[in-house]
Structure formats: structure tokens, C-alpha cells
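Asker: Residue strings, one per chain:
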Amino acid sequence: MYQWDFAFLWSYRWLFLNGLGVTVGFTVAIVALGLVVGLAGALAKLSSFAPLRWLSLAYVEVFRCTPVLVQLVWFYYALPILSGIEISAITASMLALSLYGGSFYAEIIRGGIVSIDPGQTEAGAALGMTPFQTMRRIILPQALKRMIPPLMNQSIIQFKNTSLVSVLAVPDLLYQGQIAAHDSYRPLEVYSAVAVAYFVLLFPLTIIVRQGEKKLSTSD
Amino acid sequence: MNPQPKIEIAALRKQFGQLVVLKDINLTVEQGSVVALIGPSGSGKSTLLRCINLLVTPNGGSVRVGGDSFVFGTGAKLPGTRELARFRANTGMVFQHFNLFPHMTALGNVMEGPVTVRGKSKREARELALTLLAKVGLSDKVDEYPSRLSGGQKQRVAIARALAMEPDVMLFDEATSALDPELVGEVLSVMQKLASEGMTMVIVTHEIAFAREVADRVIFMRDGLVIEEGPARQVIDAPREAATQAFLSHFHRGGAATPPAETAL
Ligand SMILES: Nc1ncnc2c1ncn2[C@@H]1O[C@H](COP(=O)(O)OP(=O)(O)O)[C@@H](O)[C@H]1O
Ligand SMILES: [Mg+2]
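Quick mapping for you: the protein sequence lines, in order, are chains U and P.
Per UniProt numbering, the first sequence starts with residue 1, numbered consecutively.
Per UniProt numbering, the second sequence starts with residue 1, numbered consecutively.
Just so you know, these hints were derived from the structure itself, not from any lab.
Quick caveat, the model's predicted, so the values are computed rather than measured.
Incorrect hints may have been included.
Unchecked claim - Stretch-level coverage of chain U by chain P, calculated; a stretch enters the list once three of its residues show a Cβ under 8 Å from a Cβ in chain P:
# : region
1 : 111-122
2 : 125-139
As the list claims (entries may be wrong) - Sample of chain P residues with no beta-carbon within 10 Å of chain U, all distances over it, derived:
#  : residue
3  : Val20
4  : Thr81
5  : Ala85
6  : Thr91
7  : His97
8  : Pro102
9  : Glu112
10 : Val117
11 : Arg123
12 : Ala134
13 : Arg161
14 : Ala162
15 : Glu229
16 : Arg240
No residue lacks a Cβ here, since even glycine has one placed at the ideal position from N, Cα and C.
All chains, full assembly: derive it from the sequences and hints.
Answerer: What follows is the structure, encoded as C-alpha cells:
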């Protein structure tokens with residue numbers, strides 16, 4: 001019979017806390033960068049300038065139709081050969097995860113924008129607003145409300161995806177867990193604790209999203 | 001003779017794909033006058049109205065409003081987005097379905113143009129907006145969101161929003177067609193007041209009695225053509241063309257607004 005022992009984990013607390021910090025920091029960064037990329041991708045896809053639309057389409061499809069783990073490895077091991085520029089594991093991870101997330105965000109944002117009644121754009125134009133002003137003042141504020149639940153969902157997925165950076169030895173929660181597991185010879189407790197940590201952070205978030213979705217579906 | 005007309009449209013053509021919607025339209029509107037566009041659904045009235053503020057880009061002909069003129073057709077250079085925006089800022093448009101901004105209060109809707117387009121200060125825009133909302137009889141609704149307003153109130157906010165740009169010309173596209181019958185009057189009376197103050201107006205309407213009363217000239221359109229045009233009472237009371245007679249016969253005498261051939265879009 002296996003003898004459970006969680007007490008020893010306490011001696012690894014700083015390691016876990018460090019890893020958690022990296023995981024959360026990474027999530028914040030790739031969500032923020034991904035949103036910027038996603039907004040640009042969405043606007044490009046809605047552009048009247050065809051080459052921009054093609055570029056955005058190619059970007060979105062490439063990143064949605066290849067595994068994110070392959071993208072991570074590609075950015076770290078393949079991109080430097082292609083570009084001749086050495087990049088750190090952190091930079092490669094940032095790039096890959098932000099672009100991966102951005103491709104999904106782009107579709108969510110584009111969908112939110114086109115869901116707004118075209119009469120709103122016309123009303124803005126009739127007042128003498130430029131397309132940019134109409135987008136910023138009229139369309140985006142309304143679209144954002146509808147986009148928030150799916151954007152949150154995608155961000156939760158992004159949170160979980162950060163665990164993949166451990167394959168590039170970025171010291172996130174999972175990577176630190178691996179170190180602790182090797183060090184203590186107690187992978188069962190360590191990886192269980194790691195799983196619990198992810199769950200404790202994410203579960204409340206999913207509840208918030210679900211409530212947001214419910215509120216939205218009753219508000220209009 | 002009169003000074004130069006406020007609006008001058010010549011040889012205007014518009015097609016959507018293969019569908020030719022406007023064929024050689026000529027139209028002038030004198031400063032301070034009211035022109036009503038009537039005609040069956042699909043005859044091109046809305047498209048013509050949208051060509052006046054270039055919400056729709058014509059395929060040929062010319063459009064002049066005040067001092068701004070544009071030529072369209074092969075070889076003509078299309079106006080850029082900034083030029084278009086500046087041009088449109090001087091014409092107000094009121095839509096059938098109001099198109100109010102649902103995320104802003106009535107006051108916010110009216111302030112939006114002055115602040116974002118004209119660069120007015122919030123304080124200045126607020127004063128202007130309050131004055132205009134009072135003018136359309138909505139002083140007690142300034143802080144309401146559109147979802148809490150009746151159709152008639154929404155349309156009056158939309159009129160105030162257009163007026164806030166201090167336009168030279170107002171365009172109305174079936175401003176009362178989406179309203180419950182009992183709410184039509186409150187919007188028409190605001191339009192009538194504007195007309196009596198000397199606003200240059202082009203109105204697409206099925207309110208034949210209103211057109212007869214308020215408009216100086218009436219234009220009857222069908223299939224993208226102007227079929228008949230003249231002083232309001234003459235066109236409505238004694239139309240010369242058979243097509244105009246047939247169209248007007250759908251309305252009760254005195255001009256109640258239920259054209260049976262019409263499906264409001
Ligand atoms: N954006 C558009 N794209 C394609 N067809 C259009 C568009 N707008 C209007 N039409 C067509 O042009 C014709 C005239 O429409 P419209 O100007 O709205 O007529 P009206 O206002 O007199 O009812 C209709 O057949 C309509 O379907
Ligand atoms: Mg119409």
C-alpha cells in the first residue's frame with residue numbers, strides 16, 4: 001500500500017511559488033500580447049485591402065491548424081536557424097503562445113465586430129466619423145461586451161497552455177514540479193499538488209465566465 | 001432668380017452588381033426647402049438619399065451639397081475617407097430604425113458627434129445636447145438608455161443627434177415607418193418644426209398627408225427613375241402620370257399611411 005506524504009512538499013514551497021509566479025506572469029503576458037495580435041488580425045481580416053485579408057487568413061489558419069507544442073518547439077529550435085537570431089526559451093515561448101492565442105482571439109474579435117448591426121456603422125458614418133472613430137467609439141464598445149465570455153474562455157485555455165513551456169525548460173509551475181519530483185522521488189504527491197494548484201486558480205475563473213455568459217444572454 | 005440650389009444632383013447612376021437601382025437621376029433642392037421622395041418599395045428612394053451624403057457611392061453622375069461637389073464614373077477619383085467624413089458631418093441623416101448607439105444614454109448619443117467629430121469640449125457638447133433634447137421634447141429622458149425609450153422617443157433622440165452636428169441639410173429615410181401609429185405624430189411634428197425653421201430637408205416618406213402639408217416639392221420615383229416631380233399639392237392632388245396615380249390610389253383620401261403594396265424593410 002502506497003504511503004501518502006504531503007508534508008515534505010512544504011520544503012519545496014519556494015520552488016512552487018516561483019513556478020506559480022512564472023506561470024501567472026506568462027499567462028498575463030501572452031493574454032495581453034495575444035489580444036493585441038488578435039485585434040490586429042481581426043481588423044486585417046475585415047479590411048477592404050485584400051492582401052491584408054489574405055495575410056490575416058494565412059496567419060489564423062496556420063496557427064489554428066498546427067499543434068501548439070509543435071509551434072513552441074519550432075520557434076525555439078527552427079526559427080533561430082531560419083532568422084540567424086538566437087532567441088531565449090522565454091522569448092520563443094512568448095512568441096509561440098501569443099501568436100497561437102492571437103489566432104483564436106482574432107476569430108472571436110472578428111465575430112464580435114460583425115455581429116454588430118451595420119446600421120451602427122452607418123449612423124457613425126452619417127455623423128461624419130471616420131471608420132477608425134466609428135470602430136473605436138461605436139462598434140468595439142458594443143462588440144467587446146459580447147466577446148468577453150469567449151475571450152475569457154480562450155484565456156483559460158492559454159493559462160493551461162503555459163504548462164507546455166516546461167519542455168523548453170522555462171521554470172514554470174510544471175517545470176518546478178518536475179524538479180521537485182526528481183529531487184524527492186515522490187512524483188505522485190508533487191504532480192497531484194501541481195494539478196490542484198492549476199485547478200484552484202482556474203475553477204473560480206470558469207465560474208465567473210459562466211455567470212458572465214448567463215448575464216449576457218438575459219440582458220439582450 | 002434664386003441663389004444657387006443647396007443640393008444639386010445630376011445624371012446620378014447607381015448599380016449593385018448587375019442590378020441598376022438609380023438610372024440618370026437629376027434633382028435640385030433649394031436652400032430652405034423640403035423635398036419629399038415617394039414611390040413603391042424598391043424604387044431606389046433610400047439609395048438616392050444615401051447618395052446625397054455618400055453613404056452609398058454612386059457609379060456615375062455628380063453630387064453637390066453646398067460648396068462640396070463630387071463627380072463619379074470612369075476616370076473620376078473617389079473621395080478619401082477623411083474627405084467623406086468631413087462632408088458627411090455637414091448633413092444630418094435620420095434612419096428608419098433609428099440606429100441609436102445602445103451603449104450610450106440619450107444625452108451621450110447626442111453629444112457623440114460634437115465631441116468625437118467636431119472636437120468640442122464635453123461641457124460645450126453637453127449644453128448643446130441638452131438644448132436639442134429639449135427642442136425635441138425629451139428633457140426628462142436625457143439619462144435614459146435607448147432600450148428604455150419608446151420608438152417615437154428614440155427617433156426624436158436620433159433627430160437631436162443629427163442636429164447636434166449643426167447640419168446644413170437633413171435627410172430622413174422613412175423616419176416614421178417603424179413606429180406604432182400613435183407615435184408617428186410626435187416625430188412628424190418635430191420634422192414640421194424643423195421645416196418651418198428653414199432647414200433644407202429631403203424626406204423619404206409614406207406619410208402622404210404629411211408630404212402634402214410640409215413638403216414644397218414631391219418627387220415620385222419608380223424603378224430607379226423620377227417619374228413625376230412638382231409642387232407637393234399638384235403631384236399629390238392631381239398627379240399627371242398614370243404610375244403616380246396608381247401609386248397614390250393605394251392611400252386613403254387624406255393620406256393615411258398604409259400602402260398595401262409596401263412591405264416595410
Ligand atoms: N447594399 C445593397 N446591395 C444590393 N442591393 C441593394 C442594396 N441596397 C439596396 N439594394 C437594392 O436596390 C433596390 C432599391 O432599394 P432602395 O433604395 O432601398 O429602395 P426603396 O428605399 O425605394 O425601397 C432594391 O431592389 C434593393 O434590394
Ligand atoms: Mg427605403
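Asker: Decide, hint by hint, whether the structure agrees.
Answerer: Quick rundown of the hints versus the structure:
Under a criterion of three residues with beta carbons nearer than 8 Å to beta carbons of chain P, the stated coverage of the region 111-122 of chain U is upheld, 4 such residues being counted. Counting residues of the region 125-139 of chain U whose C-beta sits closer than 8 Å to any C-beta of chain P gives 10, which meets the bar of three, so the coverage hint holds. At roughly 22 Å from the closest C-beta of chain U, the C-beta of Val20 (chain P) stays outside 10 Å, upholding its exclusion from the interface. Listed as outside the interface, Thr81 (chain P) is inconsistent with that label: its C-beta sits roughly 6 Å from the nearest C-beta of chain U, within the 10 Å cut-off.
Listed as a non-interface residue, Ala85 (chain P) fails to keep its Cβ farther than 10 Å from every Cβ of chain U; the least gap is roughly 5 Å. Against chain U, the non-interface label of Thr91 (chain P) is violated: not every CB pair exceeds 10 Å, the least being about 8 Å. Against chain U, the non-interface label of His97 (chain P) is violated: not every CB pair exceeds 10 Å, the least being about 6 Å. Not every CB of chain U lies more than 10 Å from the CB of Pro102 (chain P), the least distance being 7 Å, so the non-interface label is violated.
Against the 10 Å criterion, Glu112 (chain P) falls within the reach of chain U, whose nearest CB is about 7 Å from its own CB. Distance check on Val117 (chain P): its Cβ comes as close as 4 Å (rounded) to a Cβ of chain U, failing to clear the 10 Å threshold; non-interface status is violated. In this structure Arg123 (chain P) is separated from chain U by more than 10 Å, as the shortest Cβ-Cβ distance comes to about 19 Å. Distance check on Ala134 (chain P): its Cβ is at least 20 Å (rounded) from any Cβ of chain U, clearing the 10 Å threshold; non-interface status holds.
The Cβ of Arg161 (chain P) does not lie farther than 10 Å from every Cβ of chain U; its closest approach is about 7 Å, which violates its non-interface assignment. For Ala162 (chain P), the shortest C-beta to C-beta distance to chain U comes to about 7 Å, within the 10 Å cut-off, and the non-interface label is violated. Every C-beta of chain U lies more than 10 Å from that of Glu229 (chain P), the closest at about 25 Å, which supports listing it as non-interface. The beta carbon of Arg240 (chain P) sits about 34 Å from the closest Cβ of chain U, which is more than 10 Å, so the claim that it is off the interface holds.
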